[in-house]
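Q: The residues making up each chain are set out below.
2 protein chains.
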Amino acid sequence: MIAEIITIGSEITTGSILNTHSKYISSKLLELGIETYYHTSVDDNKKRVSDIINIALQRADIIITTGGLGPTDDDLTKEVISETLGLELISDKDIEDNIRNIFSKLDKTMPTNNLKQAFKPEGSQFLKNSIGTAPGIFLSKDNKKIIMLPGPSKEMELMFNNEVIPLIHEDYNIIIKSVNIIGIGESQLEMKIKDLINKDSDIIIATFAKEGEVEVKIIGKGKNKDIIENKINNVIKILKQRFHEYIYGFDNIPIEIIVFNLLKEINYKIGFCESCTGGLISSRFSRIPGVSQVFDRSIVTYSNNAKMEELGVNSNTLEKYGAVSEETAIEMANGLLNRDNLDLSLSVTGIAGPDGGTEEKPIGLVYLCISTKDKSIPIKCNFNGNRESIQNKTATRAFFELRKFLLNK
Amino acid sequence: MIAEIITIGSEITTGSILNTHSKYISSKLLELGIETYYHTSVDDNKKRVSDIINIALQRADIIITTGGLGPTDDDLTKEVISETLGLELISDKDIEDNIRNIFSKLDKTMPTNNLKQAFKPEGSQFLKNSIGTAPGIFLSKDNKKIIMLPGPSKEMELMFNNEVIPLIHEDYNIIIKSVNIIGIGESQLEMKIKDLINKDSDIIIATFAKEGEVEVKIIGKGKNKDIIENKINNVIKILKQRFHEYIYGFDNIPIEIIVFNLLKEINYKIGFCESCTGGLISSRFSRIPGVSQVFDRSIVTYSNNAKMEELGVNSNTLEKYGAVSEETAIEMANGLLNRDNLDLSLSVTGIAGPDGGTEEKPIGLVYLCISTKDKSIPIKCNFNGNRESIQNKTATRAFFELRKFLLNK
Numbered sequence: 001m002i003a004e005i006i007t008i009g010s011e012i013t014t015g016s017i018l019n020t021h022s023k024y025i026s027s028k029l030l031e032l033g034i035e036t037y038y039h040t041s042v043d044d045n046k047k048r049v050s051d052i053i054n055i056a057l058q059r060a061d062i063i064i065t066t067g068g069l070g071p072t073d074d075d076l077t078k079e080v081i082s083e084t085l086g087l088e089l090i091s092d093k094d095i096e097d098n099i100r101n102i103f104s105k106l107d108k109t110m111p112t113n114n115l116k117q118a119f120k121p122e123g124s125q126f127l128k129n130s131i132g133t134a135p136g137i138f139l140s141k142d143n144k145k146i147i148m149l150p151g152p153s154k155e156m157e158l159m160f161n162n163e164v165i166p167l168i169h170e171d172y173n174i175i176i177k178s179v180n181i182i183g184i185g186e187s188q189l190e191m192k193i194k195d196l197i198n199k200d201s202d203i204i205i206a207t208f209a210k211e212g213e214v215e216v217k218i219i220g221k222g223k224n225k226d227i228i229e230n231k232i233n234n235v236i237k238i239l240k241q242r243f244h245e246y247i248y249g250f251d252n253i254p255i256e257i258i259v260f261n262l263l264k265e266i267n268y269k270i271g272f273c274e275s276c277t278g279g280l281i282s283s284r285f286s287r288i289p290g291v292s293q294v295f296d297r298s299i300v301t302y303s304n305n306a307k308m309e310e311l312g313v314n315s316n317t318l319e320k321y322g323a324v325s326e327e328t329a330i331e332m333a334n335g336l337l338n339r340d341n342l343d344l345s346l347s348v349t350g351i352a353g354p355d356g357g358t359e360e361k362p363i364g365l366v367y368l369c370i371s372t373k374d375k376s377i378p379i380k381c382n383f384n385g386n387r388e389s390i391q392n393k394t395a396t397r398a399f400f401e402l403r404k405f406l407l408n409k
Numbered sequence: 001m002i003a004e005i006i007t008i009g010s011e012i013t014t015g016s017i018l019n020t021h022s023k024y025i026s027s028k029l030l031e032l033g034i035e036t037y038y039h040t041s042v043d044d045n046k047k048r049v050s051d052i053i054n055i056a057l058q059r060a061d062i063i064i065t066t067g068g069l070g071p072t073d074d075d076l077t078k079e080v081i082s083e084t085l086g087l088e089l090i091s092d093k094d095i096e097d098n099i100r101n102i103f104s105k106l107d108k109t110m111p112t113n114n115l116k117q118a119f120k121p122e123g124s125q126f127l128k129n130s131i132g133t134a135p136g137i138f139l140s141k142d143n144k145k146i147i148m149l150p151g152p153s154k155e156m157e158l159m160f161n162n163e164v165i166p167l168i169h170e171d172y173n174i175i176i177k178s179v180n181i182i183g184i185g186e187s188q189l190e191m192k193i194k195d196l197i198n199k200d201s202d203i204i205i206a207t208f209a210k211e212g213e214v215e216v217k218i219i220g221k222g223k224n225k226d227i228i229e230n231k232i233n234n235v236i237k238i239l240k241q242r243f244h245e246y247i248y249g250f251d252n253i254p255i256e257i258i259v260f261n262l263l264k265e266i267n268y269k270i271g272f273c274e275s276c277t278g279g280l281i282s283s284r285f286s287r288i289p290g291v292s293q294v295f296d297r298s299i300v301t302y303s304n305n306a307k308m309e310e311l312g313v314n315s316n317t318l319e320k321y322g323a324v325s326e327e328t329a330i331e332m333a334n335g336l337l338n339r340d341n342l343d344l345s346l347s348v349t350g351i352a353g354p355d356g357g358t359e360e361k362p363i364g365l366v367y368l369c370i371s372t373k374d375k376s377i378p379i380k381c382n383f384n385g386n387r388e389s390i391q392n393k394t395a396t397r398a399f400f401e402l403r404k405f406l407l408n409k
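Residue numbers (UniProt numbering), protein chains in the order written: chain E, 1 to 409; chain L, 1 to 409.
Isolated chain E, as found in the complex (with noise of 0.2 Å):
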């Protein structure tokens, strides 16, 4: 089966925005067997999109299109969809309901053209989307298959994830395994692998950088499943043999989620202080829903005066160690630990630059420090990259540190 994915949007055509849809949804397809052949991006011009749908019709067995699903005049996509097809725009009712009890809840009138979104062409049927107004369509006409997603990221990933796998899934085994790893670069893992990538055609082993991590993702084809999965457990068999410490988890479960559950599993509560990160650490931990069963609370400390007044840090140590030292993350993290209710902090202070670099404290030296009532642990560390990539360096590095102390415990 072929598939052709077309991007609709001027902000695409005019290079205002990067068209990250068309590499999203052309790996999900691989990954269920299915081969891209064709991305196509075309303006919010009527003619255009419906030459580029005759044009894909001819060339692919289902063609998936994300964006110009909206209220606005300018999204058209099932407008000229069902025109190409000959197919008229009915109205669903519920979708209409829905849309109003959407803004009823928020208290505002409904702008009439959001009704334009419970319309979808005869035979074919609407995507649930679950955070946001605009249902997808799927549409089976004549042997193709056409999936219409919505343009905003979030809600065109869920959708493909929880209702378009499950329309277009084939008879055809495939097994995806991720194994996740921090603090060994991508070159150096992949050198380390090399005898293991091609040596079966039935699995696929690529690596992935992401920031300061990096994904081994094991894709196993054919038709027992029994037999992939041997194959890809042997894989990771190996893998942990050699990548032990460095293995973190498993299938993409973000780290600051396997350190939620150990903290839940002892049932500790744990607070951050942050300086260089500047609650950055913070802010991922809090976008794990039910967080507030371990977290309590967390310190921003930016100046030296907030490091004293809200950690207690000395000012004899911010002068003769500096603020960036593993003395100055000792004393915020066991500052912080003087609260109440608190079984566990973590301190992390550096220099994520552009500017406070010296020649013995470079940008992106950090410290971290682990504590409870018993011990303190403070961690060293050096990552390269601009201020935002050291940020997120720092954070995803301090999650790692805290999940190895908490199976060490």
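Just so you know, not all the hints are guaranteed correct.
Claimed, not checked - The list that follows gives simulated cross-link-like pairs (lysine-lysine, BS3-like), each with its CA atoms no further than 25 Å apart:
{"hint": "1", "chain 1": "L", "residue 1": "Lys210", "chain 2": "E", "residue 2": "Lys128"}
{"hint": "2", "chain 1": "E", "residue 1": "Lys108", "chain 2": "L", "residue 2": "Lys210"}
{"hint": "3", "chain 1": "E", "residue 1": "Lys47", "chain 2": "L", "residue 2": "Lys154"}
{"hint": "4", "chain 1": "L", "residue 1": "Lys154", "chain 2": "E", "residue 2": "Lys210"}
{"hint": "5", "chain 1": "L", "residue 1": "Lys194", "chain 2": "L", "residue 2": "Lys240"}
{"hint": "6", "chain 1": "E", "residue 1": "Lys108", "chain 2": "L", "residue 2": "Lys154"}
{"hint": "7", "chain 1": "L", "residue 1": "Lys93", "chain 2": "E", "residue 2": "Lys145"}
{"hint": "8", "chain 1": "L", "residue 1": "Lys210", "chain 2": "E", "residue 2": "Lys105"}
{"hint": "9", "chain 1": "L", "residue 1": "Lys192", "chain 2": "E", "residue 2": "Lys105"}
{"hint": "10", "chain 1": "L", "residue 1": "Lys128", "chain 2": "E", "residue 2": "Lys47"}
{"hint": "11", "chain 1": "L", "residue 1": "Lys221", "chain 2": "E", "residue 2": "Lys46"}
{"hint": "12", "chain 1": "E", "residue 1": "Lys108", "chain 2": "L", "residue 2": "Lys404"}
{"hint": "13", "chain 1": "E", "residue 1": "Lys264", "chain 2": "E", "residue 2": "Lys225"}
{"hint": "14", "chain 1": "E", "residue 1": "Lys47", "chain 2": "L", "residue 2": "Lys240"}
{"hint": "15", "chain 1": "E", "residue 1": "Lys105", "chain 2": "L", "residue 2": "Lys361"}
{"hint": "16", "chain 1": "E", "residue 1": "Lys108", "chain 2": "L", "residue 2": "Lys141"}
{"hint": "17", "chain 1": "L", "residue 1": "Lys194", "chain 2": "E", "residue 2": "Lys46"}
{"hint": "18", "chain 1": "L", "residue 1": "Lys210", "chain 2": "E", "residue 2": "Lys210"}
{"hint": "19", "chain 1": "E", "residue 1": "Lys46", "chain 2": "L", "residue 2": "Lys199"}
{"hint": "20", "chain 1": "L", "residue 1": "Lys47", "chain 2": "L", "residue 2": "Lys144"}
{"hint": "21", "chain 1": "E", "residue 1": "Lys47", "chain 2": "L", "residue 2": "Lys404"}
{"hint": "22", "chain 1": "E", "residue 1": "Lys46", "chain 2": "L", "residue 2": "Lys154"}
{"hint": "23", "chain 1": "E", "residue 1": "Lys47", "chain 2": "L", "residue 2": "Lys194"}
{"hint": "24", "chain 1": "L", "residue 1": "Lys194", "chain 2": "E", "residue 2": "Lys108"}
{"hint": "25", "chain 1": "E", "residue 1": "Lys154", "chain 2": "L", "residue 2": "Lys210"}
{"hint": "26", "chain 1": "E", "residue 1": "Lys105", "chain 2": "L", "residue 2": "Lys93"}
{"hint": "27", "chain 1": "L", "residue 1": "Lys28", "chain 2": "E", "residue 2": "Lys154"}
{"hint": "28", "chain 1": "L", "residue 1": "Lys380", "chain 2": "E", "residue 2": "Lys108"}
{"hint": "29", "chain 1": "E", "residue 1": "Lys264", "chain 2": "E", "residue 2": "Lys373"}
{"hint": "30", "chain 1": "E", "residue 1": "Lys144", "chain 2": "L", "residue 2": "Lys409"}
{"hint": "31", "chain 1": "L", "residue 1": "Lys128", "chain 2": "E", "residue 2": "Lys46"}
{"hint": "32", "chain 1": "E", "residue 1": "Lys46", "chain 2": "L", "residue 2": "Lys404"}
Source of the hints: derived by calculation from the structure; they are not laboratory data. Since this is a predicted model, take the numbers as computed values, not measurements.
Model the placement of chain L on the given structure of chain E, informed by the hints.
A: Leaving out everything else, chain L in the frame of chain E:
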């Protein structure tokens, strides 16, 4: 003049790399007054590349390809294009020598397939590649301009700027301005500017929704720079009249940077206290280099206990009005303001979900409060979306309200 950008390579269509070339080239073309209507990506397949070229020749005046110019067998761009246009491939002596030189300089023996790069279609001209071995190609035939650029981004971008721009630049101007808006939805906004859209064929007005904000892009085209600028400024003037209280800036300067600059001007130090955003406001602010000039500290009080201990929120207030209430927001902001050297504080407390929503306090209900020594201004908001989206919208709105406050001081 209409452009189509064609990126060739299976690494793109399989989703293993992101297609950044099309964005780069189309935004550059726009600055030159050339509109891109189509982006096409295709895998390394002779037949399909040929089909793609034929389609492009029918609908675009200028075709820019990237990739497939290298020495290996799956580099087939110029071979296919020559064949499609019925042109011979001829070897160029100078380039041939140049390639030999590069290898002798590296004193490496040259793989013979490198000489492939010395061939070009008859009647075409080479484009100099100052940092790689694969030259680009410029071909003009039947009023169509065809430009072939190498795949590596650095080579492609350098070649585009140094070699391509002089060849395609036209006596034609494009000016783009953006108006950035917070607090009014895209659909509502568009209904209120319907009369401006399509009013003047030289002016394109498009709205782009981002999380919690909307960008209105105004693109002017024409021979006379002053006339375009006047037309754009007139549109902006009207937008200012209609949406004055919602416009926070122009040309996509992030709202937090606008707040940062306003604080610098009056030499104010700010602190944040966050509950439902869990440090997001603080971490977004801390992305800004040099933020320490205006940012002192921030406190994430996730538990009620922390709200009382860190910010001195009254237990009666929490009991009587709840943690998510105007009263608590005010006490949080004032509590933080008691710290030394803070001129301004912003507090956030709300329900980000997925749990914790009730009839009269639904998910998405958020209270902000901005406090200075002499006054406290609470603000009530309702946001929709999932947990992450509510947190993002809250942070964006917080900066928006800070800007408003600082301007009205």
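Q: For each hint, tell me whether it holds in the structure or not.
A: Checked hints:
1. Pair hint Lys210(L) plus Lys128(E) holds up; C-alpha atoms about 21 Å apart against a cutoff of 25 Å.
2. The hinted pair formed by Lys108(E) and Lys210(L) meets the criterion: a straight-line CA distance of about 19 Å does not exceed 25 Å.
3. A distance of roughly 35 Å separates the Cα atoms of Lys47(E) and Lys154(L); the hinted pair therefore is violated under the 25 Å criterion.
4. Taken as a hint, the Lys154(L) and Lys210(E) pair is honoured in the structure, with Cα atoms around 21 Å apart against an allowance of 25 Å.
5. Of the supplied pair hints, the one linking Lys194(L) and Lys240(L) holds, its CA atoms being roughly 15 Å apart against a limit of 25 Å.
6. Pair hint Lys108(E) plus Lys154(L) does not hold up; C-alpha atoms about 49 Å apart against a cutoff of 25 Å.
7. In summary, the hint linking Lys93(L) to Lys145(E) is not supported, as the alpha carbons are separated by about 51 Å, beyond the 25 Å threshold.
8. For the hint linking Lys210(L) to Lys105(E), the alpha-carbon distance of about 21 Å falls within 25 Å, and the restraint holds.
9. Our distance criterion of 25 Å between C-alpha atoms is met by Lys192(L) and Lys105(E), whose separation comes to about 23 Å.
10. Between the alpha carbons of Lys128(L) and Lys47(E) the distance comes to roughly 38 Å, so the proposed pair goes past 25 Å and is violated.
11. For the hint linking Lys221(L) to Lys46(E), the alpha-carbon distance of about 21 Å falls within 25 Å, and the restraint holds.
12. For a cut-off of 25 Å, the pair hint linking Lys108(E) to Lys404(L) stands: about 22 Å separates their Cα positions.
13. Proposed proximity of Lys264(E) and Lys225(E) is contradicted: the alpha carbons are some 35 Å apart, above 25 Å.
14. Distance hint between Lys47(E) and Lys240(L) is unfulfilled; the C-alpha atoms sit about 33 Å from each other, more than 25 Å.
15. Between Lys105(E) and Lys361(L) the alpha-carbon distance is near 11 Å, which keeps this suggested pair within the 25 Å criterion.
16. With a CA separation close to 57 Å, the supplied pair Lys108(E) and Lys141(L) exceeds the 25 Å bound.
17. Of the pairs offered as hints, the one joining Lys194(L) and Lys46(E) holds, with about 18 Å between alpha carbons and a cut-off of 25 Å not exceeded.
18. As the CA atoms of Lys210(L) and Lys210(E) are separated by approximately 24 Å, the hinted pair is consistent with the 25 Å bound.
19. Distance check on the hinted pair: Lys46(E) and Lys199(L) sit about 18 Å apart at the alpha-carbon level, within 25 Å; holds.
20. Between Lys47(L) and Lys144(L), the direct Cα distance comes to roughly 21 Å. Compliance with the 25 Å bound is thereby established for this hinted pair.
21. For the hint pairing Lys47(E) with Lys404(L), the CA-to-CA distance comes to about 43 Å; that exceeds 25 Å, so the pair is violated.
22. For the proposed pair Lys46(E) and Lys154(L), the alpha carbon gap of about 35 Å is over 25 Å, so the pair is violated.
23. About 21 Å separates the Cα atoms of Lys47(E) and Lys194(L), which keeps this hinted pair within 25 Å; it holds.
24. With a CA separation close to 20 Å, the supplied pair Lys194(L) and Lys108(E) stays within the 25 Å bound.
25. For the proposed pair Lys154(E) and Lys210(L), the alpha carbon gap of about 12 Å is at most 25 Å, so the pair holds.
26. Proposed proximity of Lys105(E) and Lys93(L) is contradicted: the alpha carbons are some 73 Å apart, above 25 Å.
27. For the proposed pair Lys28(L) and Lys154(E), the alpha carbon gap of about 28 Å is over 25 Å, so the pair is violated.
28. Restraint check for Lys380(L) and Lys108(E): the C-alpha separation of about 14 Å stays at or below 25 Å, so the hint holds.
29. With a C-alpha separation of about 18 Å, the suggested pairing of Lys264(E) with Lys373(E) holds against the 25 Å cut-off.
30. Straight-line distance between C-alpha atoms of Lys144(E) and Lys409(L) comes to about 61 Å, which puts the hinted pair past the 25 Å bound.
31. Proposed proximity of Lys128(L) and Lys46(E) is contradicted: the alpha carbons are some 39 Å apart, above 25 Å.
32. A threshold of 25 Å between alpha carbons decides the hint, and for Lys46(E) with Lys404(L) the separation of about 40 Å lies outside it, so the pair is violated.
The structure shown violates the earlier hints numbered 3, 6, 7, 10, 13, 14, 16, 21, 22, 26, 27, 30, 31, 32.
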